[in-house]
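Same order as they appear, the protein sequences are chains A and B.
For the first sequence, counting from 1, position 766 maps to 766 in the working numbering; every step adds exactly one.
For the second sequence, counting from 1, position 486 maps to 1486 in the working numbering; every step adds exactly one.
Check before you lean on any hint, since a few could be wrong.
[Stated by the list, open to error] Each pair of labels, with its calculated beta carbon distance range:
1. A/A97 with B/L1506: 40 to 48 Å
2. A/F104 with B/M1184: 46 to 54 Å
3. B/E1182 with A/Q431: 42 to 50 Å
4. A/V20 with B/E1014: 55 to 63 Å
5. A/A97 with B/E1497: 25 to 33 Å
6. B/E1066 with A/S488: 21 to 29 Å
7. B/Q1168 with A/P417: 38 to 46 Å
8. A/N358 with B/Q1168: 45 to 53 Å
9. A/F104 with B/Q1168: 41 to 49 Å
Hint data in this document are derived by calculation from the structure and do not stem from the laboratory.
No residue lacks a Cβ here, since even glycine has one placed at the ideal position from N, Cα and C.
So you can see what is in the structure, the chains are spelled out below.
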Amino acid sequence: MSFYNLVPLAAFFFNIVLIVLVLRRRWTSFLHRVFSLFLLVLALWAFGIFGMRSSASLADAFVWEKVVIVIGPSASVLFFHFTLLLVRAKRVKGLLATAYAMSFAFVPLSVTGFVVSGMQLKPYGYAPILGPLFYPWILFIYFFLVMGVHNLVKTRKYLTAEERNRCAYVIAGAGCYIVTGVTDVLPVMGIPIYPLGMIGNIVFCLLATIAILKYHLLDIYVAVRKGTAYFVMSAMVAIPYVGVIFLFTEVFGTQSVPIWVYLTLLIILALALQPLWSQVQRRVDRWFYRERYDCLKALENFARHTQSLADSAGLGSTMISLFAGALRLSSVYLLQLLPLRGDFEVISSAGMNSTTANIQLNGSSPLVKWLKRSGGLLSYQDFDVIPQLQSVSTKEKEVLKQISTELVVPLKTRTGPLSGLLILGPKLSEQPYTIEDKQLIYALSSQMAINLENAQLYSASQREVAERRRAEEAQRKAQERFYGIYNSSKDAIGFAALDGTLLDVNNSFCRLTGYSREELAATIKYQDITPKNYHQFEAKIVEGILGTGKAAEYEKEYIRKDGSLVPISVTSFVVRGDNGEPIGVAAIIKDITGRKQAEEREMELQQELYFSSRLAAIGELAAGVAHELNNPLTGILGFSEHLLRQSSDERVAKDLERIRTEALRAAKVVANLLTFARRREPKKEYADVNDIVQGALELRAYELKTGNIETTLDLTPTLPKTMVDFHQLQEVFLNIILNAEQVMTEANRKGKLHIKTQLAKQHIRVLFADDGPGIPAEDLDKVFDPFFTTRAERGGTGLGLSLCHGIIADHGGKSYVRSKPGKGATFIVELPVTTEKTSEDTTVKRESMNGGK
Amino acid sequence: MLTKDELFETGDQERIWQKYCGFLELSVTEFMEIQEQLLMEQIGLLADSPLGKKIMNNQRPASVEEFRRLVPLSTYDDYASHFGQRNEDILPETPCLWAHTSGRAGFIKWAPYTQRFYERMASCMVAGLILALATGKGEVNLTGRERIIYNLPPRPYLSGIAIEAMAQQFDFRFVPPLELSEKMEFRERIEAGFKDALRTGVDIFGSLSSVLVKVGESFTEQSQRMRFSLSLLYPATVLRLARAVLRSRLEKRAMLPRDLWPVKAIMASGIDTNIYKDKIIHYWGKPPYEYYVCTEGGFISLQAWNKKAMTFIPYSDFLEFIPEEEWLKSRENKDYLPSTVLLNEVKEGECYEIVITNFYGNPFLRYRPGDLIKIVSLKDEETGIKLPQMLFESRADDLIDIASFTRLDEKTVWQAISNTGIKYEDWTIRKEYAENRSLLHLYLELREERDAQEVERLVHDELKNLYSDYYDLERMLGLQPLKVTILSKGTFRLYYEEKQAAGLDLAHLKPPHMNASKSVIGDVVRLSREQGNKDL
């Protein structure tokens, strides 16, 4: 089968395959259906041509030609219909229906032979003999073909870039078809040319199918340019080739050049022109694909500039400059996320028309949200179309409009967050963005997002390293400060494991306990240096701390290394590990020895004050009572003695005597009361306490001896003298000795009295220890109280010891008693060792404390 | 002035659908995000204006929650003193127009429209037209060159404003032309529209549902005795008539309007639309397309292409809903502050009073238009819409309480009357007190002879069928509250003419269906008497 016959058959099969492809893609679409119908008609046309060309006789060829004549107008009208649908053009009412009607009108005409009257044989094969209606027929076909193309051209301005591209395919195909169709007609008119109509058919179908199926697959303009470029290059190579061949034949006069000459020449040319080829190709590339060339250069620059992460500050600026240059954009703005506010702000701009306006987009704006979700490019027109974006605020829209926004591009890696935005203005060429532009923008922006993210990560890691260093330095300093404070703290601080093992202690702790840090740490438990009576109590406290997590404050004692006890106040709290679990107990320990002593002294002072005030009150009372009683007692005594003197009756005299005796006893009580009440201020002078003790003892020596009281003296000879009222102190000692004497005599009719003096720190201590019955525990606190007596029935007034206590207090000393029932009692008098001056100070101080009483 | 949308020039159906009807594909979360965004912008616009300060008590809420907490609910009374005089000084921006609507007591409510609010209203109207013409998702059949008959109130009523907006954007052919129809009286316009449409044909009806049914009924009656007229001698009219006759003959029935005017869509207004749905399909061949719109809030919801329940529009107003229980409390105690819920909190099957806050600088804030809606479902399986679906329930003021537990609304009464099959002209119902009991007094003008007691029984039975609480009135309390008075023929027409002569506004030319005032009923009764009903 010849090429002439094969081409229409190929066109037929080609059309059938395309019909299947188109319908498979979207068979429900009316556009696809009409287009498929158009392809079917073209297939039939091709089959008709095949039938005609392969006919054995002119008569057979004429029959097939009539089929072609019938089909032709329908194909043309279907193409017109297809273009209307493709561009959604407004229809002229009734035109389409008329066109279809007219195309059907050619059916009977074709049979009559008015269009083609017969067939003739031409060098290439059969050709029709034109009938009178052939020209209306061909005009009809061309009219609707041209109208179809007109539809496509007319509506191009309303179409998007993609749609324009799509139309360009169809226009190119139709143009090809129109041109090649002419070559089918010209031979019939006597012009010798090979009929290329069927090839045009194939080309047209192919282009139209690409347009309808994959219109965004390839930019038609690129294809055209590329074809042109290669044509130019081929021509440049062909000229020397043809020239050489021409010269060869002319010079050597050879009629037919041997094939080896062609081949040799071709190889030589290929090698010789190789550098020129490359040069030409580069120039043509640069000339024809200016934008592509710039893009490629831009990508190269992009890769080179963005390799250096160290230049992160200028990265954004460099990148958008490259962006603007590569795509020839009037303006590009790079917006970056402000981490604290979450908004996007312009950090750099590029392009001829870019402004320095402060552009900000709210992080919660629908625009930003949409870009985060979709990750795709957004054109400004989409703001009014995409439902989620119809709530973009007027303010933001205005801002974007002011900077002539055409595209908003999210800078987002596949998995990362939205790190920035690119706002692109119009292209300098004022052409819309093509699919290819958008693909390039998408690719560049993805690369940019990665680079920016890397740069940000790099900066972040740099910051992190710097921050870590700062943190470490700060931690080191803090640690130093801590240990400085820790060890210089007056308070002892210790840290113990949960079992009580001391893990770390500060210097004060060591001072407090007398152990070295080495002795304590990790070898001693805090329980080991705590008296046993505190163990249970403290264990409960620690349990509570661990349970509640709250600090606890309590008091206890430590056993020093020397065995002495030191009272302490402990504030304990839990120390937790990284996982939040308790790992030990820390404690701040205060030595409260001073505080305890102060408390004791305070208590004593309070007692003393209480006692003094009570004494004062009782003194006043006693003075009053004594004063009131003295007069009647004087009367009773006087009259009882007078009556006694006059009485002769023995019985009466006995009663009167009794009255007088009791009155005398009462008078004595009153005298004691007065003594108690009228206590005078001590007249102090330097005296030796040992002498006073001995003096007092001598005064009672006889009575003691007769009462079987054995007296022993243990006087410290080196006792310093001190400021005391000799007589008052002697009265005190006498009183104590007398009390002991009476108690021992009444209890055992005998006894031992041991008197001892000693120097304790700054005090002179005098102890009077008897082996009498002792004082019951409940009476120990009361023995110095006024009017407390256990011997009321035996004439005790309860004022003696009270008086003694007052005198000792007046001397700045203290008196107390220790006793256990059955084991005697020891009365202790402590007197301060004072000089004359300090004694006076003490007196003044005491007066003021007594409130002038 | 609005401009043509270039999208219609390109014919890109996908983008047109996305722009106008894309809200039907939103999720509830997206819907709420849009609402919040627009509300915050609205607060910013209004906060510094004198009116905004007044309504918002000089506060500037920083969130939706704060807005709902700080800004009190409002009614028209809060705006009346300013809007009555159309005072623009207190508004945040100068309005591009003022729309008005009728108030119950005969006064007119004015509402300013900012340019953006007006544009949004127009955009919603386009969405409505697209959906009315569509039979499936993504289908944009609106060419912009459709022939439209509209017999709704003219400007400055919202319906007139919306039509004008459409005229600005598209090349619609109005039958009769807008410039003529706006000058015509309402009935005249209806007549002229159908007359001209005999020649021109019609693609879209914009009409009150009741008007369509009445026209359908009269047409069917008159088609039996159609006479030749010279006005029919237009070729287009002859062709149209011939086609209609042929169709009706082929189907062996009387000629119906749909034979003469095979319309593409019917944009129906009025709460009776659902009641008349079947009749409209019967007469006009297409289901009516419903939308919920109010002068103060613009378009609030639209039906989808399946023309069933309505979907809320996120762009016009911030929407809040007072649950029925709260609404009842506030109805009984005017000082009670009812709580509201948002669209993402509404429950299926519940009734709510709607509360709107305009967007785009329009002034109504937390405004109660007085409408009750019902959430029929939380999504629509049929269309794949993921937003709550609603139906208009009634005017909040138009409910009649009987025995505290029965609340009759206009739709129910209307449906009951319609279900009886009685041919009637119009009706009005009112709660009255007589013989020491509450009466539900229905004043009905019939188009056929019927006994009042028979009508009473029929309507009572239908009410029992339709409304279980009404049924319980009789079953539980032994009450039959309905009383029917048959009005003389022509009463409602006379009333219309009398009020028109008195210069009343279009909205007050008819007695309201529900709870008309004593004086209105007095007029109706008087006119009926004058027409010869001496029983009244």
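Evaluation of the provided hints:
The supplied range of 40 to 48 Å is met by A/A97 and B/L1506, whose beta-carbon atoms lie about 45 Å from each other. About 48 Å separates the C-beta atoms of A/F104 and B/M1184, a value consistent with the hinted range of 46 to 54 Å. Between B/E1182 and A/Q431 the Cβ separation comes to about 46 Å, which falls inside the hinted range of 42 to 50 Å. A hinted range of 55 to 63 Å is violated for the C-beta pair A/V20 and B/E1014, which are about 26 Å apart.
About 50 Å separates the C-beta atoms of A/A97 and B/E1497, a value inconsistent with the hinted range of 25 to 33 Å. Between B/E1066 and A/S488 the Cβ separation comes to about 54 Å, which falls outside the hinted range of 21 to 29 Å. At roughly 44 Å, the beta-carbon separation of B/Q1168 and A/P417 lies within the given 38 to 46 Å, and the hint holds. At roughly 37 Å, the beta carbons of A/N358 and B/Q1168 sit outside the given window of 45 to 53 Å.
For the pair A/F104 and B/Q1168, the supplied restraint of 41 to 49 Å holds, since their beta-carbon distance comes to about 43 Å.
The structure fails to meet hints 4, 5, 6 and 8 from the earlier list, while all remaining hints are met.
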